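**Student:** Here's the letter readout for the chains.
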Amino acid sequence: MPGAEESKVVRDFKKSMGENERGAVAVAAIHALTNLIKESGASTIMELEILLKAAQEQLQEMNFEGQRSKAIQLTAACELFARHVTRTALDVGNFDACKKRLIDRGERFAAQADVSRAVIADNMLPFIRDGMSILVHGYSNVVIIALSKAAAAGIRFKVVLTEGQPERDGYKVCEELHKKGIPTELIVDSGVGFVMQEVDMVLTGAAGVCESGGIINKLGTYQLSVIAREAKKPFYVAAESYKFCRLYPLSPTDLPEAEREPPSTLQSGVKVRRPPSDFTPPAHITLLLTDIGVLTPSAVSDELIKLYY
Amino acid sequence: CTYVMINSLSYVMKEVSKVFLGASALLSNGHVISRVGTGAVAMMAKQLSVPVLVCCETYKFSEKVMLDSICTNELGDPDELLSPALADWRDVKDMKLLNLCYDLTPGESITLVITELGHLPPTSVPVVIREYRKEVTL
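Those protein sequences? They're chains Z and E, same order as listed. First residue of the first sequence? That's 270 in the working numbering, and the numbers climb one at a time after it. First residue of the second sequence? That's 8 in the working numbering, and the numbers climb one at a time after it.
Since the hints were derived computationally from the structure, they do not count as laboratory data. Quantities reported herein were computed from a predicted structural model and do not represent experimental measurements. One should not assume that every hint holds.
Unchecked claim - Capping the alpha-carbon separation at 25 Å, the derived lysine to any residue pairs in SDA-like fashion look like this: (1) Lys448/Z <-> Asn410/Z; (2) Lys502/Z <-> Lys67/E; (3) Lys575/Z <-> Ser56/E; (4) Lys322/Z <-> Ala358/Z; (5) Lys21/E <-> Asp523/Z; (6) Lys575/Z <-> Cys62/E; (7) Lys502/Z <-> Val19/E; (8) Lys501/Z <-> Gly125/E; (9) Lys322/Z <-> Lys25/E; (10) Lys575/Z <-> Thr122/E; (11) Lys427/Z <-> Gly460/Z; (12) Lys575/Z <-> Leu107/E; (13) Lys25/E <-> Lys501/Z; (14) Lys575/Z <-> Gly125/E; (15) Lys575/Z <-> Lys25/E; (16) Lys502/Z <-> Gln54/E; (17) Lys53/E <-> Tyr577/Z; (18) Lys67/E <-> Tyr577/Z; (19) Lys71/E <-> Lys427/Z; (20) Lys53/E <-> Thr565/Z; (21) Lys501/Z <-> Val135/E; (22) Lys21/E <-> Ser520/Z; (23) Lys53/E <-> Asp523/Z.
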């Protein structure tokens, strides 16, 4: 409803996002949900689960800045948290002890998320060698942190960035990498095929990692992966394990509601389509660099089965 | 509903948006053992980028690995393949009718496996066996 008061959960989420410049959507979501548990007067697990379900819906309905192609992370984080609640409830009989453990875990999540990124950066070091040229697409904090670490370790490499229209993500990444002294170049989005022969590997982040091992990411990732496969260049994805979600898209356009194409806009009488995201199938991805290790796409399902079943 | 002969596969596949298949078994390397003809359907679908969904209960997951459908298979009654022209096949020297029951579909042609546990990629067969059949390991 327009003008309606925002719920506490949404306010907490936005506050958390605002405070943390490099903050992940998932971290802000978990923070808001943990607060919800802390402040709720619920006395049974069932009540908590109902509250969490309602909170998840509120979070999914809200609009926030930088939302394009990040909505999937929100769903993944909420479901992960809900799963964790069920698991903890099964392990710990007593409600108060259970609630305490949930709050505890939720509060530690933010700190763990930073550690996750550091672990990924470490896992990536052996893949980057002197003289390499890396093609990067989209604005991903994980990728920026990992490349900064590699540069700090003394490895000399160059980064080629796609412009990332219409958000112009490439320019933003360029600024960040320049601060770390990493030489960069920008190429227009349609020039990816043109530069593919010159680069040694392709690296992107992911908004969400699907059960099949494929990823949902900024528009352009799919075509990048197809060209990389054709040119026989490795395609690496850097993603934290809390981005793993139980989706299973069947094709590059088979995306969940939140990530779907918005209605086309009209520009001088011409319909302009701007889908925010696409799905890259697992066959096009060489390896996923995560905080639980360097995984092949088929290992994502392994992790999800262990977590959810 | 449209009923077609399997020979028209390449012709109809371009009108298809999804393929649903059953299975007799799923092997640990992600390959599918199913009624003969399944392999052809799945591979044609893959060729035309049509998603292939296999519906299979987890009790059909096997620790076995097979690379082709010849080493282990079952023979059906040869008379099932009879047509008027072949009625006297037994009198013809060196002629045999081969009625194979099963064939192997490579895991790469399968997009998704639907089980009672949820949807999985075909590569997760050994994971399910490991997690859910702990009592079987010696």
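**Student:** Next step is simple, just say for each hint if it's right about the structure.
**Tutor:** Here's how the hints hold up against the structure:
Under the criterion of a C-alpha separation no larger than 25 Å, the hint pairing Lys448/Z with Asn410/Z is consistent with the structure, at around 14 Å. A C-alpha spacing of about 38 Å is found between Lys502/Z and Lys67/E, which places the hinted pair above 25 Å, so the restraint is violated. Restraint check for Lys575/Z and Ser56/E: the C-alpha separation of about 30 Å exceeds 25 Å, so the hint is violated. Distance check on the hinted pair: Lys322/Z and Ala358/Z sit about 16 Å apart at the alpha-carbon level, within 25 Å; holds.
Restraint check for Lys21/E and Asp523/Z: satisfied, since their Cα atoms lie roughly 18 Å apart, inside the 25 Å limit. As the CA atoms of Lys575/Z and Cys62/E are separated by approximately 21 Å, the hinted pair is consistent with the 25 Å bound. Of the pairs offered as hints, the one joining Lys502/Z and Val19/E is violated, with about 35 Å between alpha carbons and a cut-off of 25 Å exceeded. Restraint check: the Cα-Cα separation between Lys501/Z and Gly125/E comes to about 34 Å, which exceeds 25 Å; the hinted pair is violated.
The suggested pairing of Lys322/Z with Lys25/E is violated, with an alpha-carbon distance near 32 Å, which exceeds 25 Å. For the proposed pair Lys575/Z and Thr122/E, the alpha carbon gap of about 16 Å is at most 25 Å, so the pair holds. Under the criterion of a C-alpha separation no larger than 25 Å, the hint pairing Lys427/Z with Gly460/Z is consistent with the structure, at around 17 Å. Of the pairs offered as hints, the one joining Lys575/Z and Leu107/E is violated, with about 38 Å between alpha carbons and a cut-off of 25 Å exceeded.
Taken as a hint, the Lys25/E and Lys501/Z pair is broken in the structure, with Cα atoms around 29 Å apart against an allowance of 25 Å. Simply put, Lys575/Z and Gly125/E have alpha-carbon atoms about 13 Å apart, close enough for the 25 Å limit, and the pair holds. Distance check on the hinted pair: Lys575/Z and Lys25/E sit about 29 Å apart at the alpha-carbon level, beyond 25 Å; violated. For the suggested pair Lys502/Z and Gln54/E, the alpha carbons sit about 23 Å apart, so the restraint of at most 25 Å is met.
Annotation: proposed proximity of Lys53/E to Tyr577/Z is violated, straight-line Cα distance about 30 Å (limit 25 Å). For the suggested pair Lys67/E and Tyr577/Z, the alpha carbons sit about 21 Å apart, so the restraint of at most 25 Å is met. Under the criterion of a C-alpha separation no larger than 25 Å, the hint pairing Lys71/E with Lys427/Z is inconsistent with the structure, at around 47 Å. Among the hinted pairs, Lys53/E with Thr565/Z is consistent with the structure: their alpha-carbon atoms are about 21 Å apart, no more than 25 Å.
Restraint check for Lys501/Z and Val135/E: the C-alpha separation of about 32 Å exceeds 25 Å, so the hint is violated. Distance hint between Lys21/E and Ser520/Z is fulfilled; the C-alpha atoms sit about 15 Å from each other, no more than 25 Å. For the proposed pair Lys53/E and Asp523/Z, the alpha carbon gap of about 17 Å is at most 25 Å, so the pair holds.
Hint compliance for this structure: hints 2, 3, 7, 8, 9, 12, 13, 15, 17, 19, 21 are broken, all remaining hints hold.
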